[in-house]
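As you go down the protein sequences, you meet chains E and G in turn.
Per the numbering used here, the first sequence starts with residue 15, numbered consecutively.
Per the numbering used here, the second sequence starts with residue 205, numbered consecutively.
Hints may contain errors.
Here are some of the chain G residues that sit facing chain E, going by a computed Cβ distance under 8 Å [said to hold, decoys possible]: (1) Ile250; (2) Ile439; (3) Ile542; (4) Tyr545; (5) Gln550.
Derived contacts from chain E toward chain G, CB cut-off under 8 Å, selection only [stated by the list, open to error]: (6) Asn60; (7) Asn99; (8) Ser102; (9) Lys121; (10) Ser122; (11) Ser139; (12) Val141; (13) Gln147; (14) Phe149; (15) Ala220.
Derived lysine-lysine pairs resembling DSBU-like cross-links, with alpha carbons at most 35 Å apart [as the list claims (entries may be wrong)]: (16) G:Lys426 / E:Lys118; (17) E:Lys371 / E:Lys263; (18) E:Lys118 / G:Lys453; (19) G:Lys500 / E:Lys118; (20) G:Lys556 / E:Lys291; (21) G:Lys540 / E:Lys263; (22) G:Lys453 / E:Lys371; (23) G:Lys453 / E:Lys121; (24) E:Lys229 / E:Lys291; (25) E:Lys371 / G:Lys430; (26) E:Lys179 / E:Lys118; (27) G:Lys540 / E:Lys229; (28) E:Lys229 / G:Lys419; (29) G:Lys540 / G:Lys371; (30) E:Lys121 / G:Lys500; (31) E:Lys229 / G:Lys556; (32) E:Lys371 / G:Lys500; (33) G:Lys430 / E:Lys121; (34) G:Lys540 / E:Lys371; (35) E:Lys371 / G:Lys556; (36) G:Lys426 / E:Lys371; (37) G:Lys430 / E:Lys118; (38) G:Lys540 / E:Lys121; (39) E:Lys397 / E:Lys229; (40) G:Lys556 / E:Lys118.
Derived by calculation from the structure, the hints in this document are not laboratory data.
Being a predicted model, the structure only gives us computed values, none of them experimental.
Every residue gets a Cβ at the ideal spot worked out from N, C-alpha and C, and that includes glycine.
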Amino acid sequence: MKFSNYALGAVALSLTFFTSCSNDDTDSNASNYVIPTTYTFERNGNTTIDFSGQTTRLQMLDEMGAKFNTAAANGTALDAVELQNMFSNTNTPFAVADLNSSGKNIKSKTAASSDYFTLFLGGGSTVEKTAVQAFFETQFTNGAAASQGNAASAGVAGSYLDGSKVRLFAANGLEPQQILLKGLMGAMMMDQISNQYLSVNTLDNASARVENSNKVLAENANFTTMEHYWDEAYGYVYGADIASTNSLKYWSSYIEQVNADADFNTVSANINLAFRKGRAAIVANDYVVRDQQIDIIQKNLALVAAVRAVYYMQEGKVKLVEDNGAKAFHALSEGYGFIMSLRYTRQPGTDVPYFSKEEINTMLASLTSGTNGLWDIDTLTPKLDAISAQIASRFGFSVAQASTVN
Amino acid sequence: MKKLILVVSFVSALAACSSSDTDSTSQGDSFNRTTLLTHWADDLIIPAFQNYNSKLTVLTADVSTFNTNPSAENLALARTSWIEAYKAYQQVMLFNVGKAADINFKEAANTYPTDVAGIEQNITAGTYNLELLSQFSKQGFPALDYLLNGLGNSDTEIVGFYTTNAKANAYKNYLVDLVTALNSKGGAVLADWNGAYRNTFIASNGTAVSSSTNKMTNIFVKNFEKDIRTGKIGIAAGIFSNGNLFPEKVEAFFKKDISKVLLNTSIQAQQDFFNGNDFNGSGTGPSLKSYLDDVKAVRNGQNLSTIINDQFAVIFDSNQTLNDNFAQQVSSNNAKMIEAYDALQQNVIYFKLDMMQALNITIDYVDGDGD
Numbered sequence: 015m016k017f018s019n020y021a022l023g024a025v026a027l028s029l030t031f032f033t034s035c036s037n038d039d040t041d042s043n044a045s046n047y048v049i050p051t052t053y054t055f056e057r058n059g060n061t062t063i064d065f066s067g068q069t070t071r072l073q074m075l076d077e078m079g080a081k082f083n084t085a086a087a088n089g090t091a092l093d094a095v096e097l098q099n100m101f102s103n104t105n106t107p108f109a110v111a112d113l114n115s116s117g118k119n120i121k122s123k124t125a126a127s128s129d130y131f132t133l134f135l136g137g138g139s140t141v142e143k144t145a146v147q148a149f150f151e152t153q154f155t156n157g158a159a160a161s162q163g164n165a166a167s168a169g170v171a172g173s174y175l176d177g178s179k180v181r182l183f184a185a186n187g188l189e190p191q192q193i194l195l196k197g198l199m200g201a202m203m204m205d206q207i208s209n210q211y212l213s214v215n216t217l218d219n220a221s222a223r224v225e226n227s228n229k230v231l232a233e234n235a236n237f238t239t240m241e242h243y244w245d246e247a248y249g250y251v252y253g254a255d256i257a258s259t260n261s262l263k264y265w266s267s268y269i270e271q272v273n274a275d276a277d278f279n280t281v282s283a284n285i286n287l288a289f290r291k292g293r294a295a296i297v298a299n300d301y302v303v304r305d306q307q308i309d310i311i312q313k314n315l316a317l318v319a320a321v322r323a324v325y326y327m328q329e330g331k332v333k334l335v336e337d338n339g340a341k342a343f344h345a346l347s348e349g350y351g352f353i354m355s356l357r358y359t360r361q362p363g364t365d366v367p368y369f370s371k372e373e374i375n376t377m378l379a380s381l382t383s384g385t386n387g388l389w390d391i392d393t394l395t396p397k398l399d400a401i402s403a404q405i406a407s408r409f410g411f412s413v414a415q416a417s418t419v420n
Numbered sequence: 205m206k207k208l209i210l211v212v213s214f215v216s217a218l219a220a221c222s223s224s225d226t227d228s229t230s231q232g233d234s235f236n237r238t239t240l241l242t243h244w245a246d247d248l249i250i251p252a253f254q255n256y257n258s259k260l261t262v263l264t265a266d267v268s269t270f271n272t273n274p275s276a277e278n279l280a281l282a283r284t285s286w287i288e289a290y291k292a293y294q295q296v297m298l299f300n301v302g303k304a305a306d307i308n309f310k311e312a313a314n315t316y317p318t319d320v321a322g323i324e325q326n327i328t329a330g331t332y333n334l335e336l337l338s339q340f341s342k343q344g345f346p347a348l349d350y351l352l353n354g355l356g357n358s359d360t361e362i363v364g365f366y367t368t369n370a371k372a373n374a375y376k377n378y379l380v381d382l383v384t385a386l387n388s389k390g391g392a393v394l395a396d397w398n399g400a401y402r403n404t405f406i407a408s409n410g411t412a413v414s415s416s417t418n419k420m421t422n423i424f425v426k427n428f429e430k431d432i433r434t435g436k437i438g439i440a441a442g443i444f445s446n447g448n449l450f451p452e453k454v455e456a457f458f459k460k461d462i463s464k465v466l467l468n469t470s471i472q473a474q475q476d477f478f479n480g481n482d483f484n485g486s487g488t489g490p491s492l493k494s495y496l497d498d499v500k501a502v503r504n505g506q507n508l509s510t511i512i513n514d515q516f517a518v519i520f521d522s523n524q525t526l527n528d529n530f531a532q533q534v535s536s537n538n539a540k541m542i543e544a545y546d547a548l549q550q551n552v553i554y555f556k557l558d559m560m561q562a563l564n565i566t567i568d569y570v571d572g573d574g575d
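With the rest of the complex left out, here is chain G:
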């Protein structure tokens, strides 16, 4: 028995020592952050915002067509371009730096669940300032979701709000104002990137907490954890409410059948960013992946970048089993949502612990917990 304990003791001692070996290791850092940031700006971020703004242009035109001639056909047109713009949004939400952060781009574009009563109040009042913090839950894609999909049970009913309803003009105005607000913020962010900010972003090529690489990497992790894992899956699935389910808090609740495509689009954007894939075309460049490979980040003997990409595959596999409509998935079989949550969480762990440690970047946000 004495022998046994000694063995156990050696093993635990070894394990204690080896934490720095089996975990990600960083062996010097000569990685060129300037080329990394240049690639991010020129080949990923700016093209993604260009795409987003062009999708908003189409949405603007289709909403205008609908307002001129509110019909089921034109409603379908507006919906389609709303979906395309919403998907394009999933590809830029990650870039919450510079102007986007300054003007609360994300909060204005995608705060959900949307405040239906507040929207109706705005429409009735006819005056509102969408720039106010208190208005974020009454605008953006979720508010458009309500206006295009949630006003009635059928297309005829919905169209009625824009034709026969006593406040038809007010509904039309609100629709236009929401699209205008999206355009305005999307345009402002792109203009800033096309202006001075690109160079500012790239010039901040150091390793300080406020440097572009550190900030962007933090945002990458935070977006994945908070906006994707928590926002798109966790809250509705009751992960943060002691198991109380909130099917009404899924993304695109009124459209019902696009929660999954929005989720997958956002995850794909994260993976593309991780791998440094160009937004347009199939080119690649410096990335978090190549940075990790450069510092020879490994976990249990395997390249950390490979582990992370493998986990992305697990995530997509897991999402495959989900209903397109997450509200329905939560209500019918929430266990699938929890499995999807766990698949995402595993990459949160790889990002937050292993990747950040390997890149020697400090997490700049904290989860409050305890009492």
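This is chain E alone, in the form it adopts within the complex:
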């Protein structure tokens, strides 16, 4: 059984309905333009693509993640204030000077999409946004507490030698670095992609649609505002990749990891094609096709998060038998972050995520509900299975499909 076949059928069916009711749009003229084989778009011989702001933020997150690695590897204290400064880009905290002077920061794009956190779609609010930002900031102090020289054990924040790599665990066993990195793949990247830039509320806002149709360029730019919005979504997926070394980061990397499983081996092509096709459609003023690509990206990106969440729950489950469970905590922390990410997904054609904020919070609370959180390993297995089943069934794949890459 192949998930992808069903998924394609479902998408096709959705699209039929979708098209049939969008009576204010003119017919698609998809046959009149070329979809490039790579994400390359030009006007008057110059590129129209710009996602430098996204690349900047992903590089910022890289530097933040590396701080945890360095502190863990060297046995030095992690500086929570420094991480806090990096999160909001204050006091020139980055080693790369361009990041300091970029005018960008991660915090202001954390749980900050216009659809969920300004228009309050998907159950969002400013209260939630503030709480999410504070939650990430807690990871800095948790990481710092874990870097004070203690060995991690039940109820004690500290370090753990995981094979050849030292990891920092909070007192409840969660790994602050992974919560930060995977959590922000959701709260920043997924949210900005699915609920900001790939939202018609943004793409068609104010005069963006009229300007795009008439190819009125943004100020001092070679792109229309709508083209740029689309690029910004693209940048949150692929913006930190380095083609020359085939280095993939964040979603781009996890898309490939999920795609490596035959059960899901169309997600990479689906997402990549949809980005190119949607961008070409914008150039050609074909908003019907554009909106179809939005659905494909939102759906497939959510699927990647779901598959990965289940994968890590199951990987962790197997490793619980080692080192009083500590061997499992890295995987479980990654999974924790991917579950967080599901809150920022977008069900195509709706205003809501695949899992509500409340459902996500219940799953996350369940994971750490034992005495000393993850360390209560005897209670974990049924929780991991329940969460896995809950996610898998919502997306229509099986736990077995996600847990084994084959």
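Fit chain G to the known structure of chain E by using the hints.
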């Protein structure tokens, strides 16, 4: 499993189609914009400016009394009439059309935080042109707040600036000049309404972007979003500064205990305008509410106008929990400010998306965001 996906797919397809059903709908528009604009002008806007100007007259007299005889008692008198005028201002800030917009009425009357150093420079210099754009942060109610409440830690200290201080006369002059400037602008706006502008405003009864209904409705939404939500709550509560709090940027920072009453007064004015309540008395007339009902605007099966009024109730309930002093509220428990912000934001959403769509009015201002 196949069945499940098909069901999900149907649901999402339905949801995609139904966006125009569940969202506000507009079913024809035969609404009489002339009577709407006439009601707005005659029963809401002009009486509100009359009230504002009469409050300024009292303030002028009390400031004059204080300057003649600077005492703690007369300071209290001037403060009280300053508060009354400041509240009356909250009831006219919404009407930023015509002359008011031309002469930067709002900016001159209520730019805060006020520029204390700039005020002191003006006082020392003794010459200044309050008409200049660069002077907006050195005048109006916030500058009066500083002069009446912020010069010292006690009434005695404050009165000292107008008696024993070497620049006592300059302080007095500045006080008078600020009140005079407020009077002058308030008077100019009212005179224009009493003159030709009323008819101009009403005659612009079409549906163009520049028509009075479209403009006024945009101003209604923008005032609620920018001047009330952002200005009175959001900025101080760190909503636009990555969580960095600015208690010193609240309205009436020096008086300290009237931020809430000013906020509530401004919101009440918005709700009264929405419902078409006469400024004086308890009469009502055509309004955004009746317009929405006329076009049968609904959201999730409920009248949009009811939803909006219900949200106003939520807003007032939420504000109930706030300290009178917002600087203190920000410092002690900012979460309450954020909750109040969210309650306001919910009505921004109803206004900006649902109401504007239902009335077929385009938002004429944009929020820049992105990179």
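Here is what the structure says about each hint:
no., hint, verdict
1, Ile250, "33 Å, violated"
2, Ile439, "13 Å, violated"
3, Ile542, "5 Å, holds"
4, Tyr545, "5 Å, holds"
5, Gln550, "6 Å, holds"
6, Asn60, "20 Å, violated"
7, Asn99, "11 Å, violated"
8, Ser102, "5 Å, holds"
9, Lys121, "5 Å, holds"
10, Ser122, "5 Å, holds"
11, Ser139, "5 Å, holds"
12, Val141, "5 Å, holds"
13, Gln147, "6 Å, holds"
14, Phe149, "12 Å, violated"
15, Ala220, "5 Å, holds"
16, G:Lys426 / E:Lys118, "27 Å, holds"
17, E:Lys371 / E:Lys263, "26 Å, holds"
18, E:Lys118 / G:Lys453, "24 Å, holds"
19, G:Lys500 / E:Lys118, "44 Å, violated"
20, G:Lys556 / E:Lys291, "32 Å, holds"
21, G:Lys540 / E:Lys263, "39 Å, violated"
22, G:Lys453 / E:Lys371, "33 Å, holds"
23, G:Lys453 / E:Lys121, "22 Å, holds"
24, E:Lys229 / E:Lys291, "18 Å, holds"
25, E:Lys371 / G:Lys430, "29 Å, holds"
26, E:Lys179 / E:Lys118, "32 Å, holds"
27, G:Lys540 / E:Lys229, "45 Å, violated"
28, E:Lys229 / G:Lys419, "28 Å, holds"
29, G:Lys540 / G:Lys371, "42 Å, violated"
30, E:Lys121 / G:Lys500, "41 Å, violated"
31, E:Lys229 / G:Lys556, "27 Å, holds"
32, E:Lys371 / G:Lys500, "33 Å, holds"
33, G:Lys430 / E:Lys121, "22 Å, holds"
34, G:Lys540 / E:Lys371, "21 Å, holds"
35, E:Lys371 / G:Lys556, "25 Å, holds"
36, G:Lys426 / E:Lys371, "30 Å, holds"
37, G:Lys430 / E:Lys118, "23 Å, holds"
38, G:Lys540 / E:Lys121, "21 Å, holds"
39, E:Lys397 / E:Lys229, "53 Å, violated"
40, G:Lys556 / E:Lys118, "28 Å, holds"
Checked against the numbered hints given earlier, the structure breaks hints 1, 2, 6, 7, 14, 19, 21, 27, 29, 30 and 39 and satisfies all the rest.
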